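Here the structure of chain A is known, so what remains is to put chains B, C and D in place on it, guided by the hints.
There are 4 protein chains.
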Amino acid sequence: MDSGRLEAFSDGVFAVAITLLALNLAVSGPGLHHPALAAQLADHWPAFVAYAISFATIGIIWVNHHTLFRSFARVDRTLLFVNLLLLFFVVSIPFATATIAAYLRAGGADASLSAAMYQGVFEGMSISFALLFWRGIRHGHLQVALTPRQGRQAIIRFGIGNLVYIAGIGLAFVSAPASLALSGLVAVYYIFEQTQVRAPASPDQSGQPRPSGPA
Amino acid sequence: MDSGRLEAFSDGVFAVAITLLALNLAVSGPGLHHPALAAQLADHWPAFVAYAISFATIGIIWVNHHTLFRSFARVDRTLLFVNLLLLFFVVSIPFATATIAAYLRAGGADASLSAAMYQGVFEGMSISFALLFWRGIRHGHLQVALTPRQGRQAIIRFGIGNLVYIAGIGLAFVSAPASLALSGLVAVYYIFEQTQVRAPASPDQSGQPRPSGPA
Amino acid sequence: MDSGRLEAFSDGVFAVAITLLALNLAVSGPGLHHPALAAQLADHWPAFVAYAISFATIGIIWVNHHTLFRSFARVDRTLLFVNLLLLFFVVSIPFATATIAAYLRAGGADASLSAAMYQGVFEGMSISFALLFWRGIRHGHLQVALTPRQGRQAIIRFGIGNLVYIAGIGLAFVSAPASLALSGLVAVYYIFEQTQVRAPASPDQSGQPRPSGPA
Amino acid sequence: MDSGRLEAFSDGVFAVAITLLALNLAVSGPGLHHPALAAQLADHWPAFVAYAISFATIGIIWVNHHTLFRSFARVDRTLLFVNLLLLFFVVSIPFATATIAAYLRAGGADASLSAAMYQGVFEGMSISFALLFWRGIRHGHLQVALTPRQGRQAIIRFGIGNLVYIAGIGLAFVSAPASLALSGLVAVYYIFEQTQVRAPASPDQSGQPRPSGPA
Chain A
1 MDSGRLEAFS DGVFAVAITL LALNLAVSGP GLHHPALAAQ LADHWPAFVA YAISFATIGI
61 IWVNHHTLFR SFARVDRTLL FVNLLLLFFV VSIPFATATI AAYLRAGGAD ASLSAAMYQG
121 VFEGMSISFA LLFWRGIRHG HLQVALTPRQ GRQAIIRFGI GNLVYIAGIG LAFVSAPASL
181 ALSGLVAVYY IFEQTQVRAP ASPDQSGQPR PSGPA
Chain B
216 MDSGRLEAFS DGVFAVAITL LALNLAVSGP GLHHPALAAQ LADHWPAFVA YAISFATIGI
276 IWVNHHTLFR SFARVDRTLL FVNLLLLFFV VSIPFATATI AAYLRAGGAD ASLSAAMYQG
336 VFEGMSISFA LLFWRGIRHG HLQVALTPRQ GRQAIIRFGI GNLVYIAGIG LAFVSAPASL
396 ALSGLVAVYY IFEQTQVRAP ASPDQSGQPR PSGPA
Chain C
431 MDSGRLEAFS DGVFAVAITL LALNLAVSGP GLHHPALAAQ LADHWPAFVA YAISFATIGI
491 IWVNHHTLFR SFARVDRTLL FVNLLLLFFV VSIPFATATI AAYLRAGGAD ASLSAAMYQG
551 VFEGMSISFA LLFWRGIRHG HLQVALTPRQ GRQAIIRFGI GNLVYIAGIG LAFVSAPASL
611 ALSGLVAVYY IFEQTQVRAP ASPDQSGQPR PSGPA
Chain D
646 MDSGRLEAFS DGVFAVAITL LALNLAVSGP GLHHPALAAQ LADHWPAFVA YAISFATIGI
706 IWVNHHTLFR SFARVDRTLL FVNLLLLFFV VSIPFATATI AAYLRAGGAD ASLSAAMYQG
766 VFEGMSISFA LLFWRGIRHG HLQVALTPRQ GRQAIIRFGI GNLVYIAGIG LAFVSAPASL
826 ALSGLVAVYY IFEQTQVRAP ASPDQSGQPR PSGPA
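Chains as they are written, first to last, in the numbering used here: chain A, 1 to 215; chain B, 216 to 430; chain C, 431 to 645; chain D, 646 to 860.
Bear in mind the hints are in silico, worked out from the structure with no lab data behind them. Any given hint might turn out to be false.
[As the list claims (entries may be wrong)] Now the stretches of chain D that chain A is said to cover, found in silico as 3 or more residues with beta-carbon under 8 Å:
#, stretch
1, 659-665
2, 728-737
3, 743-749
4, 753-766
These numbers were taken from a predicted model, which means no experiment stands behind them. Built from N, CA and C at the ideal position, the CB exists for glycine as well.
For reference, chain A alone in the conformation it holds in the complex (with noise of 0.2 Å):
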């Protein structure tokens, strides 16, 4: 089974959800009841920081999506259940956003709740990610085999990324908005981190999947 309808129904998925987070941009108004435009925008910054960082991180997603499923020589149907579950999660993020944009500046309680269920979406579809592409090595489904180095390599992103994302949960208990600062920095992170000049020579050149991003 060749993997072109399992990416045109991910890449739907991700497509219609990255363009639902603008929809939690709406302010209210004109009208007796509501301030000026300007101190509603200034009011409602959360929601343009959240909708920043979410929309970075589903464009990463996606990315590595892509790069993974473009070394895959065939998908089965455990696979297509396994991309389920992480399109599971990737539907979740307009929801938790909207829930992290709401309640961040309620403090307290409500604002470590909402900005803790933000990093655990994020932690579900980093492990389904991970999921993805550990199915697809031990069942032999990449064209061309990791080096054991390139596996390290895999091993300690996937890690990293799940580490950063366990932390974020917690600091959320802490701290509501440093767990959301914590989030955006690990998106531009994996945007510089992925798009660098890299040497010619680089094992990373030669073609495998880099899921560095936030899976």
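Below, chains B, C and D alone, put in the same frame as chain A:
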């Protein structure tokens, strides 16, 4: 007529429907008149349960749709319209999910009606998928003919799925939560039934459609 | 320029528009100020009827779009923009559907205006599709030229569709429900007209476009 | 890396964003506290105007995106992220459209801010598209090199588009409706500029990208 664009359009509909499911998870607040976030989320449990079941059910029907059309050599106009009938029920799932999520805890006739509608949409989807399958077999769309044994297996699978959803409609008027739980059990069963390890000699690995999902 | 990406983008728009239709079915409640679910659903009948008609109409135009572009050897920039005009009306259908669903039972000028808008969007879609078809013929995009008889048949089909929608706009000011019923009859007619069994020697089976839908 | 999946994902985002625009057209009512439908629609005119302009602008950028990537022989990771930056602004268009639709008639600072935001999103989209184009040229992604004359033409086109949007941001603080009208004129100009009949010997018909839209 090849099936490429039918699949692309269907994938788009599946992807939008599965992603819109999460819109229904939104919590209100914060504010003076809203309980704490944790209390709201706990109160909101039918929305999360119905979301997970609907996500899994759309995912399974997508896997089956993918498998079925992969085995079709060609499609005709009638098949395009039968496929539209299937998509009609898929598109109705977010509405049915939102209704059961809102009314399950109301109890009484309202909860029963919402659960019966939920099962009814799944039953409509199941019958439409069976129509797609039979139309494909009868008009020679399959690339490889089914053996009599495979035909019997498919009849049994469709029969079981239909009977369970009809039972679910009846059960809704006894206990709406039990009817919802039945939908969840069906989804879990099909996921494991479809991803189990099979012996290499199994006739099910011959590339034939295995439309064993909720349809 | 081949038509692959035009079709992919159009399929995306058709898929999102057809799925958004169902958002309008949402019922409110439960709560003290809401009637029973069964009463709400019964009260809501124009939403369900308009949903089914709009779904069928978008489905038919998608089938025709699919058939038309399958017969085009190439597309140019002008065709991309004419296609965007068609999509403009498709994207407007969920709005027109929501408006007639809300206002049909209000009666009077409001109901008539909502029904006229609904038919007007279909008429706009129909004219855009005719433009796509004529542009394709006049600039030699068709892979196989139409025979004079096929050209006459297409003119008759487009003429009938256009006349019925214009009649529907007029009928809206006499009876809004009758105008809505007319849209439904058109959809039912086209579905059966397009899926009827035809004799093998019919010139309509020659692979030519049969743009006989609402367009 | 070929550009197939980048285009599929981008098409999905364009399709969802262009379809979500229409959600903002919804009118409320009917009911005792609502004016007649005709009055509501007339009152709602900024929503319809902004809808038409945003639809045309997304449509033009899609046509340009299609043309640009058709001429790329390959894409790399950096281009995937520059494309995500473009999509970030595309996804923001429904929000900017809803805001100007709501605030245009409020007048004063609110109307100006909403119009400046609207033009600002278009300017961001325009700069992102220019980045995509330059990145493609500088890193040899183009299948056929541009002639110096074509390069100069592209610079002039990008320059004009950027200057007009910056002028639109400034104009917003003088007159918000005039700024909105300017966006509409730009869209109308590009549609006609791109679809005009050209002499066969024109170098613009050589299959090169003609990214002359709002980007």
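To see whether the hints hold, each was checked on the structure:
1. Coverage of the stretch 659-665 of chain D by chain A holds in this model, with 4 residues showing a Cβ closer than 8 Å to a Cβ of that chain against a need of three.
2. Counting residues of the stretch 728-737 of chain D whose CB lies closer than 8 Å to any CB of chain A gives 5, which reaches the minimum of 3, so the coverage claim holds.
3. Coverage of the stretch 743-749 of chain D by chain A holds [criterion: at least 3 residues with CB-CB distance below 8 Å; count 4].
4. A count of 4 residues in the stretch 753-766 of chain D with a Cβ less than 8 Å from any Cβ of chain A is obtained; the coverage claim is therefore met, three being the minimum.
When each numbered hint is compared with the structure, no violation occurs for any of them.
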